Amino acid sequence: MSLLVGLFDSGLGGLTVLRQVQALYPHTPCLYLGDTARVPYGQRSTQEIRAIAAEVVHWLRRQGVDVLLMACNTSNALALDVAVAEAGVPVLGLIDSVAAAIDSDRVGILATPATAASGAYRRAIHACRPSAQVREVGCPDFVPLIEAGNLEVPELREAASGYLAPLLADGVDTIVLGCTHYPLLRPLLTSLLPPDVQLVDPAVATGHRLGPLLASLGESPEAERAAEPVLSIPERTTYCVTGSAEAFATAATTWLGQRPTVHGVNLQSPARI
Numbered sequence: 001m002s003l004l005v006g007l008f009d010s011g012l013g014g015l016t017v018l019r020q021v022q023a024l025y026p027h028t029p030c031l032y033l034g035d036t037a038r039v040p041y042g043q044r045s046t047q048e049i050r051a052i053a054a055e056v057v058h059w060l061r062r063q064g065v066d067v068l069l070m071a072c073n074t075s076n077a078l079a080l081d082v083a084v085a086e087a088g089v090p091v092l093g094l095i096d097s098v099a100a101a102i103d104s105d106r107v108g109i110l111a112t113p114a115t116a117a118s119g120a121y122r123r124a125i126h127a128c129r130p131s132a133q134v135r136e137v138g139c140p141d142f143v144p145l146i147e148a149g150n151l152e153v154p155e156l157r158e159a160a161s162g163y164l165a166p167l168l169a170d171g172v173d174t175i176v177l178g179c180t181h182y183p184l185l186r187p188l189l190t191s192l193l194p195p196d197v198q199l200v201d202p203a204v205a206t207g208h209r210l211g212p213l214l215a216s217l218g219e220s221p222e223a224e225r226a227a228e229p230v231l232s233i234p235e236r237t238t239y240c241v242t243g244s245a246e247a248f249a250t251a252a253t254t255w256l257g258q259r260p261t262v263h264g265v266n267l268q269s270p271a272r273i
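Just so we're aligned, residue 1 is where the sequence shown starts under my numbering, counting upward by one.
Just so you know, these hints were derived from the structure itself, not from any lab. Heads up, a few of these hints could be off.
[Stated by the list, open to error] Pairwise CB distance ranges (calculated):
no.	residue 1	residue 2	range
1	D170	P90	29 to 37 Å
2	P90	A127	42 to 50 Å
3	H263	S45	27 to 35 Å
4	L151	G218	21 to 29 Å
5	T46	D196	32 to 40 Å
6	S131	G64	39 to 47 Å
7	P194	Q268	30 to 38 Å
8	S131	L168	16 to 24 Å
Just so you know, these numbers come straight off a predicted model, no measurement behind them. By construction, the Cβ of each residue, glycine as well, lies at the ideal position given by its N, Cα and C atoms.
Produce the complete structure using the sequences and hints provided.
Next up, the structure:
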């Protein structure tokens with residue numbers, strides 16, 4: 001029996017992390033929860049984010065997940081300890097994962113206001129590279145514009161230019177996409193950056209950490225590939241949201257390349273899906 005990986009985010013952004021997991025471990029079943037009734041997290045207070053994280057992780061625990069992957073930088077920055085205390089299973093975070101993989105001393109972070117204000121990325125990178133200069137920039141306009149589904153509006157390009165300006169002024173050569181929504185902006189950001197500036201997606205480093213963790217829990221991805229029939233990715237992923245299932249399915253189609261089946265859930269309900 002394959003282990004079940006649980007992932008959560010406030011909305012669509014965590015799908016960028018899910019896609020990394022699906023690409024690396026196509027036989028591993030996943031449960032994705034989008035807390036769309038409360039999107040975005042990044043402009044909420046620390047107290048709110050910690051309370052939400054406790055509720056979300058408690059729900060995922062009731063669903064029987066074997067590993068919890070925090071596919072949300074804001075909750076990772078402000079409530080990792082809450083998730084670890086509540087989950088009852090191993091927890092993987094984005095911030096520590098990418099910090100260990102950074103190979104630069106001039107690093108910029110694009111993140112939600114809450115993540116940027118927390119200093120979590122700066123602390124994690126300094127723990128691995130004490131000499132690194134880290135500049136964190138909060139980007140309040142990004143998530144609402146991305147969730148609206150139009151990545152071509154002039155307002156998005158204008159906002160991106162403004163957020164990149166202080167990082168370029170500091171001479172960064174590496175920029176971490178410190179919100180799981182932001183990989184969708186890679187083409188736009190690349191067009192605004194010098195060619196020698198590297199964009200880093202924390203989902204990549206986190207995805208690669210998942211394999212050894214699954215192996216330590218008794219699952220071998222290679223053995224699973226040999227032993228199990230090949231099922232398509234949608235059959236191995238369950239999508240749940242706290243808001244409109246129909247709206248999420250429509251918006252997620254662009255992100256996933258196909259329309260997912262989405263279940264509406266109430267996090268207060270004791271019922272399992």
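Consistency of the hints with the structure:
1. D170 <-> P90: 29 to 37 Å: Check passed, 36 Å falls within 29 to 37 Å.
2. P90 <-> A127: 42 to 50 Å: Since the Cβ atoms of P90 and A127 sit about 20 Å apart, the hinted range of 42 to 50 Å is violated.
3. H263 <-> S45: 27 to 35 Å: holds (29 Å)
4. L151 <-> G218: 21 to 29 Å: At roughly 41 Å between Cβ atoms, G218 and L151 fall outside 21 to 29 Å, so the hint is violated.
5. T46 <-> D196: 32 to 40 Å: holds (36 Å)
6. S131 <-> G64: 39 to 47 Å: holds (44 Å)
7. P194 <-> Q268: 30 to 38 Å: Given range 30 to 38 Å: violated, Cβ gap about 49 Å.
8. S131 <-> L168: 16 to 24 Å: holds (21 Å)
When the structure is compared with the earlier hints, violations turn up for hints 2, 4 and 7 and for no others.
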